[in-house]
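Protein chains in written order, with my numbering: chain A, 1 to 335; chain D, 1 to 532.
A hint or two may mislead.
Said to hold, decoys possible - For lysine-lysine, the following DSSO-like pairs were computed, each having C-alpha atoms within a straight-line distance of at most 30 Å: (1) LYS94(A) x LYS492(D); (2) LYS65(D) x LYS238(D); (3) LYS274(D) x LYS238(D); (4) LYS492(D) x LYS511(D); (5) LYS154(D) x LYS94(A); (6) LYS94(A) x LYS388(D); (7) LYS388(D) x LYS357(D); (8) LYS298(D) x LYS399(D); (9) LYS240(A) x LYS250(A); (10) LYS358(D) x LYS65(D); (11) LYS161(D) x LYS399(D); (12) LYS477(D) x LYS343(D); (13) LYS271(D) x LYS303(D); (14) LYS193(D) x LYS94(A); (15) LYS193(D) x LYS154(D); (16) LYS94(A) x LYS274(D); (17) LYS477(D) x LYS492(D); (18) LYS238(D) x LYS94(A).
Claimed, not checked - Here's a subset of chain A near chain D, in silico, CB distances under 7 Å, partners left out: (19) LEU26; (20) ILE27; (21) PRO31; (22) GLU41; (23) GLY76; (24) ASN77; (25) GLY79; (26) GLN85; (27) LEU89; (28) VAL158; (29) THR280; (30) SER283; (31) PRO285; (32) VAL327.
To be verified - Derived coverage of chain A by chain D (criterion: at least 3 residues anywhere in the stretch with Cβ under 8 Å from a Cβ of chain D; other residues may be distant): (33) 171-184; (34) 261-272.
It should be emphasised that the hints constitute simulated quantities derived from the structure, not laboratory data. As the structure is a prediction and not an experimental result, all values here were calculated from the model. The C-beta atom is built at its ideal place from N, Cα and C for all residues, glycine as well.
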Amino acid sequence: MLKLLLHRLLFVIPTFIGIVALTFFLIRLAPGDPILLMAGEHGVSPQRYAELRQQLGFDQPILLQFTGYLWQVLNGNLGISVVTQTPVLEEFGKLFPATLELAIIAMILAVAIALPAGVLAAVKRNTIIDHSITAVSLVGYSMPIFWWALLLILLFSVNLGWMPVAGRLNFIYDIESVTGFMLIDTVLAGDRGAFLDALRHLTLPAIVLATIPLAVITRMTRSSMLEVLKQDYIRTARAKGLSESAVIFKHALRNALIPVITVIGLQTSILMTGAILTETIFSWPGIGKWLLEAVYRRDYPVVQGGVLLIAGLVILVNTVVDMLYVVINPRLRQQ
Amino acid sequence: MRFKTQMITIALLLSSISSLQVAFASTLVYCSEGSPETFNPQLSTSGTTFDASSRQIYNRLVEFKPGTTEIVPGLALRWDVSKDGLEYTFHLRQKVSFHNTGYFTPSRHFNADDVLFSFNRQRDTSDPWYKVSGGVYKYYNDMEFNSLIRDVIKLDDYQVKVVLSRPGSPFLSNMAMDFASILSKEYADAMMKAGTPEQLDLKPVGTGPFMFVKYEKDAFIRYQAHPAYWRGREKIAKLVFAITVDPSVRSARLRTGECHVMAYPLPTDIKSMKKNPSIVVDEQPGLNTAYWAFNLQKPPFDKARVRQAMNYAINRQAILDVIYQGTGTIAYSVIPPGIWSWKGPDNTYVYNPDRAKKLLAEAGYAEGFEIDLWAMPVQRPYNPNARKMAVLMQQDLQKIGIKANIVTYEWGTYLKKSRDGEHQTILLGWTGDNGDPDNFFTPLLSCAAMETGNNRSFWCNKQFDDLISLARIEQDKAKRTKLYRLAESIFKQDAPWMTIAHSVRYQPYLKNVQGLRIDPFGGIYFTGVSLN
Numbered sequence: 001m002l003k004l005l006l007h008r009l010l011f012v013i014p015t016f017i018g019i020v021a022l023t024f025f026l027i028r029l030a031p032g033d034p035i036l037l038m039a040g041e042h043g044v045s046p047q048r049y050a051e052l053r054q055q056l057g058f059d060q061p062i063l064l065q066f067t068g069y070l071w072q073v074l075n076g077n078l079g080i081s082v083v084t085q086t087p088v089l090e091e092f093g094k095l096f097p098a099t100l101e102l103a104i105i106a107m108i109l110a111v112a113i114a115l116p117a118g119v120l121a122a123v124k125r126n127t128i129i130d131h132s133i134t135a136v137s138l139v140g141y142s143m144p145i146f147w148w149a150l151l152l153i154l155l156f157s158v159n160l161g162w163m164p165v166a167g168r169l170n171f172i173y174d175i176e177s178v179t180g181f182m183l184i185d186t187v188l189a190g191d192r193g194a195f196l197d198a199l200r201h202l203t204l205p206a207i208v209l210a211t212i213p214l215a216v217i218t219r220m221t222r223s224s225m226l227e228v229l230k231q232d233y234i235r236t237a238r239a240k241g242l243s244e245s246a247v248i249f250k251h252a253l254r255n256a257l258i259p260v261i262t263v264i265g266l267q268t269s270i271l272m273t274g275a276i277l278t279e280t281i282f283s284w285p286g287i288g289k290w291l292l293e294a295v296y297r298r299d300y301p302v303v304q305g306g307v308l309l310i311a312g313l314v315i316l317v318n319t320v321v322d323m324l325y326v327v328i329n330p331r332l333r334q335q
Numbered sequence: 001m002r003f004k005t006q007m008i009t010i011a012l013l014l015s016s017i018s019s020l021q022v023a024f025a026s027t028l029v030y031c032s033e034g035s036p037e038t039f040n041p042q043l044s045t046s047g048t049t050f051d052a053s054s055r056q057i058y059n060r061l062v063e064f065k066p067g068t069t070e071i072v073p074g075l076a077l078r079w080d081v082s083k084d085g086l087e088y089t090f091h092l093r094q095k096v097s098f099h100n101t102g103y104f105t106p107s108r109h110f111n112a113d114d115v116l117f118s119f120n121r122q123r124d125t126s127d128p129w130y131k132v133s134g135g136v137y138k139y140y141n142d143m144e145f146n147s148l149i150r151d152v153i154k155l156d157d158y159q160v161k162v163v164l165s166r167p168g169s170p171f172l173s174n175m176a177m178d179f180a181s182i183l184s185k186e187y188a189d190a191m192m193k194a195g196t197p198e199q200l201d202l203k204p205v206g207t208g209p210f211m212f213v214k215y216e217k218d219a220f221i222r223y224q225a226h227p228a229y230w231r232g233r234e235k236i237a238k239l240v241f242a243i244t245v246d247p248s249v250r251s252a253r254l255r256t257g258e259c260h261v262m263a264y265p266l267p268t269d270i271k272s273m274k275k276n277p278s279i280v281v282d283e284q285p286g287l288n289t290a291y292w293a294f295n296l297q298k299p300p301f302d303k304a305r306v307r308q309a310m311n312y313a314i315n316r317q318a319i320l321d322v323i324y325q326g327t328g329t330i331a332y333s334v335i336p337p338g339i340w341s342w343k344g345p346d347n348t349y350v351y352n353p354d355r356a357k358k359l360l361a362e363a364g365y366a367e368g369f370e371i372d373l374w375a376m377p378v379q380r381p382y383n384p385n386a387r388k389m390a391v392l393m394q395q396d397l398q399k400i401g402i403k404a405n406i407v408t409y410e411w412g413t414y415l416k417k418s419r420d421g422e423h424q425t426i427l428l429g430w431t432g433d434n435g436d437p438d439n440f441f442t443p444l445l446s447c448a449a450m451e452t453g454n455n456r457s458f459w460c461n462k463q464f465d466d467l468i469s470l471a472r473i474e475q476d477k478a479k480r481t482k483l484y485r486l487a488e489s490i491f492k493q494d495a496p497w498m499t500i501a502h503s504v505r506y507q508p509y510l511k512n513v514q515g516l517r518i519d520p521f522g523g524i525y526f527t528g529v530s531l532n
């Protein structure tokens, strides 16, 4: 296990440097100059333009800028946002908990429904149950998120009035942000009403965010289970006279889970890197929207730092998934 | 399926506590369109930032009378102008308190030191504050204060003299702009001493109607009424900006009562909002103009007849119906109706393709020609969709034998290339900053603006230029109006542009909100607002 971890870490270093270089040069290749964008219709005089370029450090040769940036990053400094003048790491730290909270809840929701649904579909293969589960997951997978979210808001918030439209908490509550996770902060504040309110605010965005992973994981579980159920050892298990539930959950599911975990890992990375549409619609203060806005404004330090941090997260999730394989599959442990 | 039933049960349970929603009548929630860049208006040009900072937290020496572009006293009680128009002496209001927030307790009232501090930070490159928070004072430079203000002198604690390098009556209007807000020197000194100068721009302290409480990026801003506000304490005890980027979601939040007032509705939502009995929708033409400029340096646009023909060739009403969808009015003039020298409807150019053809023939282009029509890639306050607009114009032009090729670039590039004069004709626009007619004429159409490139027609008319220069120095409003109207008739005749439209601004809010006035500058103020 330790060897695997070290092996992993060795790969991380060149990956990171590659990402730093790629984002640094790509964002500069894209047309659009942050100073001109900031100036808008008013424009900026050539002297002032030169002055601003110097202030922002854009006047130096590009390679010098790059090595300077790389050195900065190696020292743990991701720079300061051109737009807000706040350190990139600080902004990320404030916004990431919201993304993570939503992603965790959505993932729990997705896995909790998808695994049983996928197993059920496989076991009841070619019945009406299987067909309906497959059909529903196909619909879920192809649903435009934007439309789906607005539909839910219209139904549950505007027409029925059961759910809040957007935000993380009603403004009558003023909860001190300790962890950045609203569910935890409201518990820390000891406010039951606020906790329930935070839960209500989480419901619709979590459903929207869970929709695609739910569909993907259901389909993956189903096909993987079907594959496994055909195997000889399942026939053997049945021949031994094991109960059907033991066959399915102990022998089949455990083996079927390996590709499913890969998919769960991939989907978790996607959710954690910020669900831009879901965050925008539900006014959820996460990193997806933050990064998108930075790209629009050509806020170089935020784009570079944000991409780097997100890449770090993806690598982390992938490493965890690799570790999980080992836990689940004893054969890998010996290798 | 079982899950769904469970969800619905949970939803029902949770909804039982939703009655809490309407509690706290003295808290007003405003669904705003985005996060502010900073809380210091000196550092920004964005309306979102001004709404969150200068318009709630700060005051200026002179201010715009709510809902108008008229100048009224703010932190200055009155002011004297020297005969040559070069010296403005401001007499400051006494006993004005700064906010006593949790993070700062002021020990003195507002005085001349605060005025000097606020201007010197933007003015003096050697000031220790100049470089703090990036040190980009865009508006200060855009309004040419860097060359206009020669000195700011403290005469005594309550008198400040501003010395100008050239006379100009728009100066006072500029002093009412957001970037001229007055910050606390005492707070600034404390922050500098603590080694955290940037806190001044992030945790603001002002003299305005509301004081800052808390900000969470992309989530909310909380304010509370300034108890010792010099104009009297506001009726709203707490003010919340609920940052909601998507306009459809903002309108859903308004309909469900999650917010009382919303920013920038979608044009397509206006109709249904007007039908809703619990929502009021106020409207007013915005302080902006969309125009189509012809580059005089590129033939055939050096010929006035060709430019006039363009003005007859385009069906502006169709543009308003299709592109603005009722959220615009025809622009008869360079300046929008909100500005005092506006003349009223003018029918110099009414859609008339035959007339256009005739003019082209007179200019020697009976066979027509091919042109470039630049359309910007982004939505702007004055133009909801320039590329679609260009397509409509292309069809109109075809009718008079002109083939228009639509050209577009990334926004920054678009501005730069057109500033360099690479275009033949271009769609663009302008949003007024201070409500003075000079703020449209000089930056966009003066001969000097050819240098900066903001004069996208590269049109330099001596007569026009003399008139607007005279009007800028003149102090008497009636005389200025006359001069501007004369200048405008020259503009009409020579037709360097076709003026297209002014967008109309809509302000939806719930019926229980009283006293909200729509702001001609497109901002939002909560002074004098109450909840029933």
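Practice item. Mind listing which of the numbered hints don't hold for this structure, in increasing order? Key: 1, 4, 5, 6, 10, 11, 13, 16, 19, 20, 23, 24, 25, 27, 32 and 34
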